[in-house]
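For the record, in the sequence shown the residue sitting at position 134 is 134 according to our numbering, with numbers rising by one throughout.
Hints in this document: simulated from the structure, not taken from any laboratory.
Please note that the accuracy of each hint is not assured.
[Said to hold, decoys possible] With a straight-line Cα cutoff of 20 Å, these simulated EDC-like cross-link-like pairs (lysine to aspartate or glutamate) come out:
#: 1; residue 1: 136; residue 2: 119
#: 2; residue 1: 127; residue 2: 103
#: 3; residue 1: 62; residue 2: 31
#: 4; residue 1: 88; residue 2: 119
#: 5; residue 1: 136; residue 2: 95
#: 6; residue 1: 47; residue 2: 161
#: 7; residue 1: 47; residue 2: 69
#: 8; residue 1: 62; residue 2: 45
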Amino acid sequence: MTTRVYLMRHGEVANGGEKRYNGHIDVDITERGIEQMHRLAGLLEGKPVKAVYSSDLIRSVKGAEIVSERLGLTPTPVRVLRERSVGKWEGLTQEEIQQRYPEEFVAWRADLLNYRPPEGECLIDVKNRILPEYRKIVSSHPDQEIALLLHGGVNRVILADALGLPPLNLFRIDQSFGALNIIDHLEDGMTVVKLLNG
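Go ahead and model the full structure; you've got the sequences and the hints to work with.
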């Protein structure tokens with residue numbers, strides 16, 4: 001038995017060119033982002049997808065709705081699958097964080113894995129939040145194909161785990177807006193990953 005997961009990233013966001021840390025801020029996708037979601041919907045059209053999941057943030061929900069409509073499904077938003085919260089840094093660029101929180105910025109750069117921004121999560125927190133929920137979803141669809149429309153950071157956590165990579169190596173995984181990854185969870189516990197960044 002194989003459970004196939006189509007793991008996708010949401011489309012381009014309104015402030016995507018500024019490289020802001022949106023976290024839990026509800027930022028909408030652009031017209032280009034909508035086009036990217038229609039492209040993903042086209043790639044999945046005709047596949048025997050049984051369910052579509054997203055986070056509950058609009059950039060994820062909107063993409064899931066576009067994909068689901070093409071597949072004749074209703075998406076399921078899951079709050080736990082939100083992007084990493086960076087607390088008081090949300091909405092800021094890296095340069096703005098460095099200017100406003102210079103000491104915290106140095107501490108963050110010194111320990112990317114364990115440092116928590118003020119009122120935010122560290123990467124280990126995100127891993128511990130995302131992976132149990134992801135595994136629960138996968139295990140509830142044995143021998144089926146499902147789609148998840150999530151976030152760059154969340155996808156990297158899932159992919160690093162599937163590839164057996166240490167969490168710090170997740171920064172080496174490209175997840176452009178509208179990326180599609182295919183993960184096959186096999187009965188013997190092995191996984192096969194295909195990365196298709198568009």
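How the hints compare with the structure:
1. About 27 Å separates the Cα atoms of residue 136 and residue 119, which puts this hinted pair outside 20 Å; it is violated.
2. A threshold of 20 Å between alpha carbons decides the hint, and for residue 127 with residue 103 the separation of about 25 Å lies outside it, so the pair is violated.
3. With a C-alpha separation of about 12 Å, the suggested pair residue 62 and residue 31 falls inside the 20 Å cut-off, and the hint holds.
4. The hinted pair formed by residue 88 and residue 119 meets the criterion: a straight-line CA distance of about 6 Å does not exceed 20 Å.
5. Straight-line distance between C-alpha atoms of residue 136 and residue 95 comes to about 38 Å, which puts the hinted pair past the 20 Å bound.
6. Distance check on the hinted pair: residue 47 and residue 161 sit about 25 Å apart at the alpha-carbon level, beyond 20 Å; violated.
7. Distance hint between residue 47 and residue 69 is fulfilled; the C-alpha atoms sit about 13 Å from each other, no more than 20 Å.
8. Of the pairs offered as hints, the one joining residue 62 and residue 45 holds, with about 17 Å between alpha carbons and a cut-off of 20 Å not exceeded.
When held up to the earlier numbered hints, the structure conflicts with 1, 2, 5, 6 and fits the remainder.
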